[in-house]
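Visitor: For the sequence shown, my numbering assigns the number 1 to the initial residue and increments by one for each residue that follows.
Rather than coming from a laboratory, the hints here were simulated on the basis of the structure.
Glycine residues also receive a C-beta, built at the ideal position from the N, C-alpha and C atoms.
Cβ-Cβ distance ranges computed for the label pairs, FRET-style:
#, residue 1, residue 2, range
1, R102, D181, 29 to 35 Å
2, I55, D181, 19 to 25 Å
3, L192, A72, 18 to 24 Å
4, A185, Q69, 31 to 37 Å
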Amino acid sequence: MATHNSLPPIVGIGASAGGITPLRQILGALDASLPAAILIVQHMDPNHTSVLADILRRSTSLSVDQATQGAAIEPGHVLLAPPDHHLLATAEGTVVLSQEPRVHFVRPSVDVLFTSMAAVSSRRAVGVVLSGGGLDGATGVRAIRAAGGIVIAQNEATSEVFGMPGSAIETGDVGLVLSLDDIPAAIEKVVLERVDGN
1 MATHNSLPPI
11 VGIGASAGGI
21 TPLRQILGAL
31 DASLPAAILI
41 VQHMDPNHTS
51 VLADILRRST
61 SLSVDQATQG
71 AAIEPGHVLL
81 APPDHHLLAT
91 AEGTVVLSQE
101 PRVHFVRPSV
111 DVLFTSMAAV
121 SSRRAVGVVL
131 SGGGLDGATG
141 VRAIRAAGGI
151 VIAQNEATSE
161 VFGMPGSAIE
171 TGDVGLVLSL
181 DDIPAAIEKV
191 VLERVDGN
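Generate coordinates for the entire structure from the input sequences, incorporating the hints supplied.
Guide: This is the structure in structure tokens:
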């Protein structure tokens, strides 16, 4: 079994309505050598095949794939939750896909991802909450903070829909509230701090 320190830092990004443009911008600005894995939950129609991986791949030098059962959590690699499946990180350094019940009426759920990250990565868990409606992510934000990780939320001025970031911020457990333009550099800074400090 992998230990917390043998896993790379995990950046979990949660988004819903208005989230695809921010995802493209953030991934496009991140360096391909980023020593962190990126796991993404974007709320989507569960009845349609997702083309999100193709869309994001055109915007970034990072490797982007829709997650499959048991896929490895690797630095510089982006894994997307498939439609209608929760995405979880495991201590073995892989992901699990689940069709457990919806959380806050959604599957995949940001809360499920963030809570799993907190459990396996502790202070190497970095949560990012982007534009979206509803409450999804707020419970996971608390879990990441309690484990010693950090959460970044998109500010209201740059969010198309402020429900998810606003709910995250209201927990009091968000470390940084930033404009979309400032989020990529903050992700890189936090990740490097957590790599250097173990």
